[in-house]
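Undergrad: Chains E and P supply the protein sequences, listed in that same order. If you're matching positions, the first sequence starts at 1 in the numbering used here and goes up one per residue. If you're matching positions, the second sequence starts at 1001 in the numbering used here and goes up one per residue.
Some hints could be false.
Said to hold, decoys possible - With the Cβ distance kept under 8 Å, some of the chain E side facing chain P (calculated, not the full set):
hint	residue
1	L821
2	M824
3	E850
4	Y873
5	Y897
As the list claims (entries may be wrong) - Here are the computed lysine-lysine pairs in the PhoX-like style, where the Cα-Cα straight-line distance is at most 25 Å:
hint	chain 1	residue 1	chain 2	residue 2
6	E	K788	E	K734
7	E	K876	P	K1384
8	E	K880	P	K1396
9	E	K880	P	K1282
Claimed, not checked - Residues from chain E that face chain P, not an exhaustive set, calculated with beta carbons under 10 Å:
hint	residue
10	S814
11	S822
12	T848
13	Y852
14	V853
15	M854
16	C884
17	R887
18	S888
19	Y889
20	P891
21	V901
22	A938
Think of the hints as simulated: they come from the structure by calculation, not from any bench. Ideal Cβ positions, reconstructed from N, Cα and C, are used throughout, including at glycine.
Here's the letter readout for the chains.
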Amino acid sequence: MQHRSHLVHRVWEQQMYHKITMAMHHTLILLIHMVMEIQDTRDTIITIRSSSSSLTILAISSSLTTPAISRNLTTPAISSSLITPAISRSLIIPAISSSLIIPATSSSLIPATSSSLIPATSSSTLTLPIHNLWEHIKTQTAGGYPSSGYSNQTTTWSDGSYANYTPHQYANYTPDSSTSAYSSGTVTAPSSHYQQQQYKQWADYYSQTEVSCAPGTENMTVASKSNVGCPIPGVSSGYSTSTSQAPPSYTPSWMPESSSSEFSSVQPAAGISSASDAYWQHGAPSSQIHITSPMQPQSQKPLDPKTSYDSFLDQQKAAYSQGHNLQYPATHQVPQSYQSPANHQVPQSYQSPAQTVPSSDTRRVSKLQIPTNPRIASNLTFGLPKTDKDSSTTGAAVKPAYISISQPKANEKVLSNDAADSMLKPGTFPKSLCGYVERALGRCKGDMQMEACQDLLKEMITKATADGTLYTRNWDTEPLFSLPNVDAVNKDLQSSTPGLSLPKYKRSPSRRSKSRWEPLPEEKFVDKSASVVNDTMKYGGWINANDKDRKPFFGNNGNKENNMSGMKFSPLDQKNASKIAQRPVKKQRYADGFNVADNCDASSDSDKEQSLTAYYPSAITLANTPEEKKRRENRSKRFEKRQGRTESNQFKPKNAGAGNLYSRRASALVLSKTFEEGAARAVEDIDWDSLTVKGTCHEIEKRYLRLTSAPDPASVRPEEVLEKALDMVHNSQKNYLYKCDQLKSIRQDLTVQRIRNWLTVKVYETHARLALEVGDLFEYNQCQSQLKTLYAEGIEGCHMEFSAYNLLCVILHSNNYRDLLSSMSRLSDEAKKDETVKHALAVRAAVTSENYVMFFRLYKTAPYLSTCLMDLYVEKMRYKAVSCMSRSYRPTIPVSYIAQVLGFITARPRNEGSDVKDSDGLGECVDWLKAHGACLIADNNGEMQLDTKASCASLFVPEPEDAVAHGDANLAVNDFLTRTSL
Amino acid sequence: MAAYPGMSMGEAHRRITEYLNRFSDAVSKQDAASLRFLLSLSSNSPFLLSLADALNTFHDSSRLIKHSDHYSQFSDILFNFFRSLQTYRLANLFDSYQAFEKSANAFIQEFRNWESAWALEALYALAYEIRVLAERADRELASNGKSPEKLKAAGSFLMKVFGVLAGKGPKRVGALYVTCQLFKVYFKLGTVHLCRSVIRSIETARIFDFEEFPKRDKVTYMYYTGRLEVFNENFPAADNKLSYALTHCNPRREANIRMILKYLIPVKLSIGILPKDWLLEKYNLVEYRDVVQALRRGDLRLLRHALQEHEDRFLRSGVFLVLEKLELQVYQRLVKKIYFIQKQKDPTKAHQVKLEVIVKALKWLEMDMDVDEVECIMSILIYKNLVKGYFAHKSKVVVLSKQDPFPKLNGKPVNS
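Isolated chain P (complex conformation):
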């Protein structure tokens, strides 16, 4: 949008008045969609951009706001919103955020007084805008060498909004949206522990069924809580939540599906469920391909390479340690393969796997491990019930159970 340097005062006045009229109309008609449009600062709609130019031309907008009873009632909202829009247009994001937060605060006050929840859409817009604006303001701050703290402020603001919504009544429907915005803030800030209180409030509310929330919010919520469960290494719960998100999300939103799969795949892997290659291909999750391959083959080297190669990515997404724990399954696979080979050779002695065989196999994989270390790993495999049997120290032999020596995980995590 080009600036309107030549905008006349009259034109500016007209545009501002138009905005004010539309705003008061939207409120009086309880037209949430228009209100949302009017408050969507970052939508870059021509209407708002031209309004911003008008405001930069016509500096006495506060007089206009106070001029009519229709607007003056919302003067706190409007005045600060105008200021925010002005500074936003001038790319002064810090000031823009400051003003926007004030405006949003005033809006919440109004919202609190509205009996019905008609303005939820507009509130959503505010919650979204304030988060996005805060992120951008933080970037601006950081580039200026100042400490970015606006996102934090946005977090506490959203918490306030959550407080407005989380009670009883029709407004509760909006609580989950705000919760999701909060999740985004917290995950971005790395203060994930703050999610807990919000989650508790959502999940312990008996008066409101979770299913009554809007679907998109439920999916988002499940995605984030699933990620939290990954952090907690609670894989079955993570599996549940992420699967819920996957099955309920919009199938055409591939980016969202990919985000979900990014966490769901490691979770599934860790409970012994491997994805098909086409899935990884389709959603461009090739970083997992080698991992899956390593699990199939029992190729420890491949796993380690894959982990090393994508270490940064895995660390950032937080699945590194999950993937690393797949090593045991790779060992299991390796021993199983040895067992099968022995079985083909001599079925009677197949259940006795000599340690040196395993060491030799690992050597082929260029894994330099001595007998003690491998013995330890076998011991752990048995201990974790990935291998049934026992280890005879004297003869250095893994004695496998004759029944189901390599039990499958079947959706259960490895014993830890």
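Chain E extracted, bound-state conformation:
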């Protein structure tokens, strides 16, 4: 049985801005053609022209060959109709939705499936019609149809406030499993708003994808439903984000995914799905990306479908879908189930991606004007045609996958059940979660890893759902668990060769499928799902597989063009796949830009890995155990603490669709809640007055850890302990790094307890001095500024000493005329009588007049730690001096004189005998002069002389030996160690 469905949408120019587009929609005319053919029997083409206020929709739906299926379809149709209003509301195009729904209902692909899947069949039917349509398009005018209607729809989508819209849709969709397919069709119509051809095409793809979703639903009724619902919300959200975001942003996100899930990236199906996601979410960017990406090898394409599935699965963490091919639907569902044990929609979203994928293919085909229809088949078909053509490498791999798909039906069913369960219960998975899943899966290099990861993810999500933390948890900042040890995993995600991995994957589909399926029981346990739905799901998957098989055949028969299209599409597909994969993730991320998310991911990866590595390998089995849950809770809390502020913004509200404001508020609520529980809270939100901590910790030694949340009294030391700690630091023989760490923790404890007294001053003074000794100006400055305020509060301390240091610091290092003036004018008369301050002022005079003799005399007589500060200026002063001397002296200057004047000789107090001292200093001076390009000659007496005239032109400042890439030598640990070890 072959079903082809074509959706052609023409989008009249629409403005990029959703709101504008929304307004425009009313005036726009949408032509939606849905043609559904059933090759075997009869093709019923239903053309519905419904002119809603603004839209005219042409929908051609083909009835399914199988009566049973049709029955199934009818039910879904009804459901779809139910759904439609909701969608229409959201879309503002009721007519379109209805029309779309109708066609969707019409076709069911596989009778067998229909029986088992009855509800599901409807969705499958949708997919089939799409295929048929596509074929028609291909045969006739593929290019002509493409963009319009869908684009309009997209715009509407975009226009529709995503937040509000999505949730509604979800709700609607979730109830109607079969309907979802229809709704998806409707959704598609609204989806495209892009003005550019590419965009239009995408829109078409989109619409197609939606249509395909319907087909997808066929394959997996539940899935389709879920798809429709999910994709729409996801899409809508995605749009909002995507529009704002730059196309490039998308690409990167996509890239990682593909790379991460090798399979997905490589394989066309995955690619497609991702592409569809991307399309949905990013819109324009995605389209562009698609265009760019077509380069990938054909061999990969065949794989793509599987990979896409895998990727989806992986991303979704669905352990369920083992058979990749089959999983297409299943995978989607699985992830959904995964993400939202509570969420029904999740599965939908998954499916939708799959559907979208096919549609995108079809569109492409249409564009390419390839007679044969790729569309859903394209997901599958792409792979298949490619396989045929490419047969040798990918094809082999692909085919097995397909086979496996067909075989796994039982598994799929199970999966679908799980998925359905998950889907039914949950509302929607948070976007952030989806992103998290993507990230997690993105790291996987091998199939085995993917599977393991999926299992882990599944567990996590299940637990989270059980805990109710699914929405509250900040998935964006959630640490990634360590990669399972299945394979020695390379960290190069992108570098991984997708082709290779894919083939492997395909080769061992059955095994995988088992592994994936294994987790199912648990999920079942968790979620009570409608068995019927599950069944449908399974069927859907099966059907898809069949379709795929068929399609490949078609593709083969058709042309090289198909291959070509496949080729071209494959990149797109991958993108789509990635997008799809991301879509669920993004649901809650409306506000977050992709880039941001990516960055977060990147930055947090290591942490996540570290934190999770330890326990995850074993976690799979533990998934639902209470201990596990508790652990996860703790872990997430811990992380929240660390993340503090970041989290507050990113926290997802339970009403995922609500949008940023809501989410923020919700997050705030969550935060406060967690805080009550002793967890972290954004530092800035804390009312320090009410939270002033009274420490209870009696450990004298404590490592410094920057607080990102309210301090825990149990880890804060009270004043008397801090005193001891200070003494301990004083008497410690350890190096500066250790002392600095200890002092910082003391400072922190003082701060959180709001202790500001002599002890505080003493701590800061101690630290400032230590920092000066090792030249750690950064810490010194921190202490100095604190000391300034402390002294200003009238707390006793070594005020003068530090005034002098401050002065020296300004003179020698900031070199700012105004700062210097203000520091000087702020000195009290009393201060000016202080020896240390006097010295500092004298140094200032020497520096401003460049009087090197004076400077080095002062250097030798510097009190306290002024020497340390001056040390930092010595090099500069010496160079200035030598260049001055080489200009003004003729013909020579004895090096001994230079050494004496520039502090080489007496600057080394540790030398004892004067002879030793001189020779030592002299040698150092000679070395220094040579290093700076001075010309030295020996006079008649054998005494070294500086040839001033020659040196005049040859002096230079050598590159500092200890220069570090980051520009601050103080940050170099080795440097610290060497200096402090003295």
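Let chain E serve as the given structure and place chain P on it in line with the hints.
TA: Using the frame of chain E, we list chain P on its own:
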């Protein structure tokens, strides 16, 4: 002005209404001068003072404002201005400032809508008033032990005003006035670095010639930017700007001239130009007299004494370091004098100045410096091209060039 405790309600009502009428008349006739008068809070004009008393008597002025369409359009301006005036009269400067800022904000909104720039004068008044009021409010705050932050707020308000004016069009003429008020705020706050953005906006605007700004604003602007250049130790630029301010300022405003000279004289000194004594006398800049004298004589001791004596003043005005750098010129003068004396004794050996001679001379000046130190200073003099020649270390002799051994600065700063 005595308070009007016995003012009747009717009288109060009459005065308030009169003010409102005058205000709306001024706006409708675009009479900037009257408007300015009406908004000059701190002018202490009898009219405003009596209005303030009236307001304190008649508490329901907002009803009056809303009563007529003529005023209600400006209700935000007027209502807040009244409140500001009321509290100002009661010497509650903090509240007065708060209300005045609101009023000024509302005025800016209106001003933005006015096509022409007729109300610039009134805006000037506002900009001035808000700054002065903020300074006084800060003083009040500080005396109450609170942190003074109103001037800062006034600064950001003025920045907003600047934004309104700085675009194209006729209102741009007013930008420089606001800039000058901003300078005053920033200099007072010590946040001079904030001036940079404003300056950039003024100086890079190609569409508007600087010369088209009002003269008084140009002078003020040049004065402040000249001071900034002093901070930057960019003496030629400082010289240019301050000289511009000096030549264009009102010659009868001696206080202003003195302020300019306070910075111009050190700048001129540092590029080798000495003022006549009468100038210092006339403008009461005697603190520079010793400095100039020291430069003439090469009297290091005198210079140091002068610097020490007026250290606080110089530090506050920010010229201390400029003056301190004159030391090198004093050394140059000293060596030159020695050279002249040697020349009178023995022209052939005059170009060789022995180090010990210089040390001895410094000793006479009670400057206790040893040979190394003096050698270093001679080296620096040569290095900085204040003395032409070289130093022979072996013989400890400064060998002067036979041609122009002591080059004059001639308006160029000492090489640094």
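Undergrad: Compare the structure with the hints numbered earlier in the document and write down the numbers of the violated ones, lowest to highest.
TA: Of the numbered hints, 4, 6, 9, 10 and 22 do not hold.
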